[in-house]
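Novice: Okay, here's what each chain looks like letter by letter:
4 protein chains.
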Amino acid sequence: MAPKTMKQWRVQGTSGFDCLKFDSQAPVPEVGDKEVLVKFNASSLNYRDLCISKGFYPFPVSDNIVPGSDGAGVVEAVGKKVTRFRPGDRVVTLFHQEHFGGSLDPHSIQTAIGGLLPGTQREYGTFDEQGLLQSPKNLNDIETSTLTCAALTSWNALYGLKQLKPGEYVLTQGTGGVSIFAVQFAKAAGAKVIATTSSAKKAELLKKLGADHIINYKEDPNWGETAKKLTPNQVGVDHVIEVGGATTLKQSLNCIKLDGIISLIGFVGGNSKEPEPSFLEALAHVCTVRAVFVGSRLQMEEMIRAIEANDIHPVVDEKVFTLGQLKEAYQYMWDQKHFGKLCIKI
Amino acid sequence: MAPKTMKQWRVQGTSGFDCLKFDSQAPVPEVGDKEVLVKFNASSLNYRDLCISKGFYPFPVSDNIVPGSDGAGVVEAVGKKVTRFRPGDRVVTLFHQEHFGGSLDPHSIQTAIGGLLPGTQREYGTFDEQGLLQSPKNLNDIETSTLTCAALTSWNALYGLKQLKPGEYVLTQGTGGVSIFAVQFAKAAGAKVIATTSSAKKAELLKKLGADHIINYKEDPNWGETAKKLTPNQVGVDHVIEVGGATTLKQSLNCIKLDGIISLIGFVGGNSKEPEPSFLEALAHVCTVRAVFVGSRLQMEEMIRAIEANDIHPVVDEKVFTLGQLKEAYQYMWDQKHFGKLCIKI
Amino acid sequence: MAPKTMKQWRVQGTSGFDCLKFDSQAPVPEVGDKEVLVKFNASSLNYRDLCISKGFYPFPVSDNIVPGSDGAGVVEAVGKKVTRFRPGDRVVTLFHQEHFGGSLDPHSIQTAIGGLLPGTQREYGTFDEQGLLQSPKNLNDIETSTLTCAALTSWNALYGLKQLKPGEYVLTQGTGGVSIFAVQFAKAAGAKVIATTSSAKKAELLKKLGADHIINYKEDPNWGETAKKLTPNQVGVDHVIEVGGATTLKQSLNCIKLDGIISLIGFVGGNSKEPEPSFLEALAHVCTVRAVFVGSRLQMEEMIRAIEANDIHPVVDEKVFTLGQLKEAYQYMWDQKHFGKLCIKI
Amino acid sequence: MAPKTMKQWRVQGTSGFDCLKFDSQAPVPEVGDKEVLVKFNASSLNYRDLCISKGFYPFPVSDNIVPGSDGAGVVEAVGKKVTRFRPGDRVVTLFHQEHFGGSLDPHSIQTAIGGLLPGTQREYGTFDEQGLLQSPKNLNDIETSTLTCAALTSWNALYGLKQLKPGEYVLTQGTGGVSIFAVQFAKAAGAKVIATTSSAKKAELLKKLGADHIINYKEDPNWGETAKKLTPNQVGVDHVIEVGGATTLKQSLNCIKLDGIISLIGFVGGNSKEPEPSFLEALAHVCTVRAVFVGSRLQMEEMIRAIEANDIHPVVDEKVFTLGQLKEAYQYMWDQKHFGKLCIKI
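Residue numbers (full-length UniProt numbering), protein chains in the order written: chain C, 1 to 346; chain Y, 1 to 346; chain Z, 1 to 346; chain L, 1 to 346.
Just so you know, the hints here were simulated from the structure itself, not pulled from any lab data.
It is possible that part of the hints are untrue.
Each pair may be met inside one copy or between any two copies, as identical chains are not told apart.
With a Cα cut of at most 27 Å, we get these calculated DSS-like pairs of lysine-lysine [claimed, not checked]:
#  : residue 1 : residue 2
1  : K162      : K319
2  : K337      : K4
3  : K207      : K165
4  : K80       : K229
5  : K54       : K229
6  : K345      : K21
7  : K345      : K327
8  : K202      : K80
9  : K327      : K218
10 : K165      : K228
11 : K229      : K137
All values derive from a computational prediction rather than experimental measurement.
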């Protein structure tokens, strides 16, 4: 049975990582009729979490919010009307608690955990039974905790508008969480991957994950053109996982195929001094630019099925922090010391 | 039987409308095995035609090209291996002669008539039988001649990525050819239309065509927000037919729904001094921006079926020019004296 | 405030309409945290309800179930964690309470109200807030109560696999609820409708609803071929709303287009002595046969949006029963005395 | 340069394999303006070819037709207006010469080679340049010659209605050409495969090709239920490649998921004495049954891209016949002595 109190973090203000406040005696929430009490065993960090603490997250955030969208654990108790889960089930959180399928809407966008609703950086949490999913059988809780935001964003990019097909070309940028998942998902789906990085060491890892071609974007600033030449008949790539903002967008336009999709993700790298390419350039390349904001439960179910079927294991940084070390973890990620997803053992 | 010679225009250079050269004794082309000889009865002009003469069309153009993508007429003769058409059939041209379905590709994009391949501003023309379609039964040739470029672009915008559904909201800008077709197609499909214009007279026409709401963009510079408020629960519009470039794009972003589609069309209005909104703004609106470049034969077949079923009649300017008056027609269009499609009787 | 007790029907056994038991003092259910208490003002009947009482419904049914899937009313009270609705909101029930989007699955198929979960033939009911939708603004509660099953089934048939497009041909059979909605939805969407009926009077109504062609299937037993001839170039119809079973399926195969869709709906007319056509005949017509079982909340939201935008009003039989007359209503429907949806005023 | 005469087969009548007539001095066809002269190096047989000779092919066939839909070779010469190919290009035939994209229609269905138009069992053939595709770079001509019919049918089954996604389950039946391609395509796409066979030796090969589960349908007549149990949470399989007809269809219905797709292919095994399941059973399983008839050029381009990207090699029977031995090849296939595709070296 769950204890009465637990360890929990909250975000007070937007002054930086010091606004993270730790409470070792927070009350364990009561379980409503349709709710599930989850004992968290692991969580993972996203760039979004850092943005929220720093005050430059562009979507609304509740005061004193429990941070963290990503969490995995075990069902400790269920409300009397719950039918989807039983105690002992392994579960993972859904980012937008009411984004079940189709497009986000003004209601479901307000159900983001770790932003507007309480998140995962705590020992226990209650969630409506609709806001959780069964964890993949092939992953442990640390690995599972990486799926909520980065993995689902990547899946949505590849499957949310036009489904990725075997034989298509995907271009990924760098080795952030979304990009690494994109390499893994694309390879599992029989697609070809062109990955950019500036580090020989990271290039090795990307190759190990299956990337077919690696381009060092520092040595080859016109990597867009280079990527295009790597595709059959030089038609260009079908999907770009664009995480870099203005700096990289120009190259993404240079490598994209006619009618290809550039998925705009996140807010990383958006502070470049370089002028951003204009929408008219998109027009000249006859392509589609789509903003991706995590994904729906239906998509996450599909993703988990693919992860199980192909035994995909998320890449987790070798350093795993404890819940008490959350601030240090934020700083470690801010300093870009991580490789793959940064996780917290709870 | 077809005569030996015919009237025909060619574009010599890019110096403006004077580069249009008329030949009253051009040879009527011979009909290959798989080709169809078309006697043109009508053609229509697009902004693209003007751009080509002025030298700022961003795609390649052949020297001495017969201008015009849009043409309608009657089959005069067929090659011995032709199976799709018979003499007497009423036909209309396909913009990219080999864009049969799916996405454009590096080969099919080079089959644009009136640009790389000979176009429609002449009395007769031969086309591979695959590059023509049956004219809609409910339209005369003048009306039919408007379908090749503007109508198909509009159809592609509404059906090419995510299909328009009844009950969705479409925002159109102004009264250019593509926008008017979008009003007509959207209304036939049970969608709601919000149309912008700055003219009371044009507002009347838009209402007559079925537009549900009209916004005067001069009186209401924040028309994006206004449009959003007109949608149920103020969720925003599903589709924007964006023809204005930088000037209007900001408002389009303000009215778009989460996951909605802004179709970028043409090169009109792109010379504004105003700074264009950045791609990061698209990200903040979690929407999709898609460049649209005409469409495929499959789409044109679907469009023609819809035109027949709903007895849609293209809006044609009251002034119809003759083939000999092509230069005057270009100038009339350049001076924006037209309303609806500007047509040539051949 | 809601009273303590209310009128309510339950189904005890499968012996026919006498197994419908009325309770005038049933307790009004308490409202859970995430639940909404609905004061029903109207409900409507489906053939399924009759099947359940007669014992030949092919899906599982709970003992003593409150019958009825279709209900419309007003929110009387909400649980403390409810965010989607407020007291006073007009709402309509979702058939499968947890079928939010995508395909039915083994869990959501067990959330059918009026079958496995308590239904709508009562004065009050509680539902998880996820299992209700906002009523269309243009419909009263009687009209709204017809949407849950028949209307959504029809929408799913036309939009669930390949979306209906303007200009396509839809064939409907008879004047049951699903068929009439199909006529209305198809016409609102710019499609063409061929409707079959054996009654001149019903033919009149179908025409009034917009049907383009009516075929009297008694006078024309080979109506499949006739329907095919009515389509442009005699290519056949794109969608068949197949509600008749073996008797009509053969004709449906005869009128279907290459790659067209026959939507198999319900269990009406399945007791024919006539041999059913074999799957190999489907193969010979190169078509798709799809079983349709109501639809998801996402689809119902889309449908309601289309109903509002096009001001579609469901066809309701002129005889409206009271809640106390439920048995009589079942018998009236069994005797096929109704035209359009049969409704109960609660 | 091509010779004046060549070896060629024709089908005279429908009396069996003796109706195959060999001509060692047939004229090499002349090349029209838009045509390509192909020097065939290989062809492959389909069950359809046997049916045509035996007279039970259900679609129309021309008198004296050159048999064979599948052929691969090299471009020998091109007509003066050809732009898609050059001499020396390796090419493969398209089954329906004018099925470029979208659905088959009454015109394109009449362009089947080896049926209505001259086929591939000859040394040379001319084809409109639109009716050929570039051969995959990773396959030799024998392998390439297997793609036209069986491979494309399989691709269409998995991608033509709802696209196969990684993690989905595909059930294949036996070791005919379409089924083996389905195993290969599904595995390349990250799907799971359950394959049925009655032979231990064939089971080995299926495993080697990547099949995740093998069911011996002779030992386990209720293999449908068994297959369903092999899927996660026993939800059933997403796609069935149904090639067996009445005998197997019942089991296919037993294993299919809610809303899953059963692709009906070919005419094999349709002569069973066993009663076929009725369409009402499809209804009870809430699934979709779709007849598949080869596929379009767009689909074949996608398929070839996937074959190249994943280096998929068709399974070819170890016995390869010469063009002169065509009758023997037909008999060998009829006697079911082959494993994988049966090929002819030309």
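Novice: Work down the list of hints and note, for each, if the structure agrees.
Specialist: Outcome of the hint check:
no.	hint	in the structure
1	K162 / K319	neither (36 Å within a copy, 42 Å between copies)
2	K337 / K4	neither (37 Å within a copy, 63 Å between copies)
3	K207 / K165	both (21 Å within a copy, 24 Å between copies)
4	K80 / K229	neither (60 Å within a copy, 30 Å between copies)
5	K54 / K229	neither (41 Å within a copy, 33 Å between copies)
6	K345 / K21	within (18 Å within a copy, 56 Å between copies)
7	K345 / K327	within (14 Å within a copy, 61 Å between copies)
8	K202 / K80	neither (49 Å within a copy, 50 Å between copies)
9	K327 / K218	neither (32 Å within a copy, 52 Å between copies)
10	K165 / K228	both (18 Å within a copy, 26 Å between copies)
11	K229 / K137	between (40 Å within a copy, 17 Å between copies)
Violation of the numbered hints given earlier is confined to hints 1, 2, 4, 5, 8, 9; the remaining hints are satisfied by the structure.
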